[in-house]
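Student: The task is simple: from the sequences and hints, build the whole structure.
What follows is the residue order along each chain.
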Amino acid sequence: MATNVEARLRVPTTAKKGDVIDIKSLISHPMNSGFVKDASGKTIPRDIINTFTCSFNGQQVFAMKLEPAISANPFISFPVKVQESGTFDFQWVDDNGQVYKDSAKITVS
Amino acid sequence: MRARLLATPAAVAFGFAVAFGIAPLVRSLTQGDLAKYTAGEAKSGYVYATAQTRAMEDDEFQNPGSLWVDKGKALWNSVDGTAGKSCASCHNAAETSMKGVGASYPKYDAKIGRVVDIEERINFERERMGATPWKWESEPLLAMTVYVKAQSHGMSVAVATDGPAHATWEQGKAFYEARRGQLDMACAQCHVQNNDRKLRSETLSQGQINGFPTYRLDWQAVGSAQRRFRGCNEQVRAEPLPYGSPQYVALELYLASRGNGLPVETPAVRK
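Residue numbers (our numbering), protein chains in the order written: chain A, 1 to 109; chain B, 1 to 271.
Relax, there's no trap hidden among the hints.
Below, a sample of chain B positions facing chain A; criterion: calculated Cβ distance under 8 Å:
| id | residue |
| --- | --- |
| 1 | 61 |
| 2 | 62 |
| 3 | 64 |
| 4 | 67 |
| 5 | 70 |
| 6 | 220 |
| 7 | 221 |
The calculated DSS-like cross-link candidates involving lysine-lysine, where the alpha carbons are at most 27 Å apart (straight line), are:
| id | chain 1 | residue 1 | chain 2 | residue 2 |
| --- | --- | --- | --- | --- |
| 8 | B | 111 | B | 173 |
| 9 | B | 36 | B | 271 |
| 10 | A | 65 | A | 81 |
| 11 | B | 73 | A | 105 |
| 12 | A | 81 | A | 17 |
| 13 | A | 24 | A | 81 |
| 14 | A | 105 | A | 81 |
| 15 | A | 101 | B | 73 |
| 16 | B | 135 | B | 85 |
| 17 | B | 111 | B | 135 |
| 18 | B | 271 | A | 37 |
| 19 | B | 271 | A | 65 |
| 20 | B | 99 | B | 85 |
| 21 | B | 271 | B | 73 |
| 22 | A | 65 | A | 37 |
| 23 | B | 99 | B | 73 |
| 24 | A | 42 | B | 135 |
| 25 | B | 135 | B | 73 |
| 26 | A | 37 | B | 135 |
| 27 | B | 271 | B | 135 |
| 28 | A | 24 | B | 73 |
| 29 | B | 85 | B | 73 |
| 30 | A | 24 | B | 271 |
| 31 | B | 198 | B | 173 |
Calculated from the structure, these hints are not laboratory results. Every residue gets a Cβ at the ideal spot worked out from N, C-alpha and C, and that includes glycine.
Tutor: As structure tokens, then:
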């Protein structure tokens, strides 16, 4: 099970209506692929973040399915067009069913 | 839909970006970079890195090593040990008290009576706090080392090789130049005599440690210079020494001195 998982976000705090903003996210996660053996020869069970979603004011704006080839501590960046102030909610789900959440507010003028 | 994803293909492209650690923006090495990341004969590993790896290091947010900086900062402010103190209780803000400290290590420590690296010095302080010393290469020790050294980011490496550190420096130099392992190779044969040349598909670097502890893509984590030494020793089929061996500390001092004048890059990103 992944421990000490920590997410970082970079979302602009302000934007103009209709602006395309860049959202960056980084999460510390080992992303064990399920193909690696430990020192005693036992397979380390697969534990990757399999889904990443971002919603804005409750509506999904970005979703991504992640696969075992993706490296540890995945960095995900994407553009979003904003029309109103609100909150971005981010969610990462891993194979153990652990859910990591974070959010960021933006003021649109 | 008020906010929407602009283009679906972008999601696919970013999928690859994640998979291979490729940043969307890459640029080639400029004269400015060369001036910044070289000092006399010394060339940082940055110069040998690919554009993608350099871009990862340069973007403070995207640099995965920044996760360790954050963890180190949390540890700096958390109380531990029987004395009921945190690092911050005595040293206040690391941004000022630790500025330049990382650039001078390993160095001779009068209180301990020998040359120590940052890790050893941190654990020495932990014992004074009445806290259990952290295990070598454990996450908290790496995070704290990265946090302390990152306070010197961009400053020039300046380790002392004279005075009480000189004997240790000589030992490190001797270790670096001694052949070892089944391949009977010395560190210097690759990193001094053949740097810039190819070893199969790899360009041999100078083996500078100004970016350590560094985020290594191969490890998918931050690791210490000593972890790298162990890897190098294994590659020449020599038995790696345990973490914290006097030989490795001496080697750290020698290598740091080879890079005197290079900028501290911790947390750097390397292949």
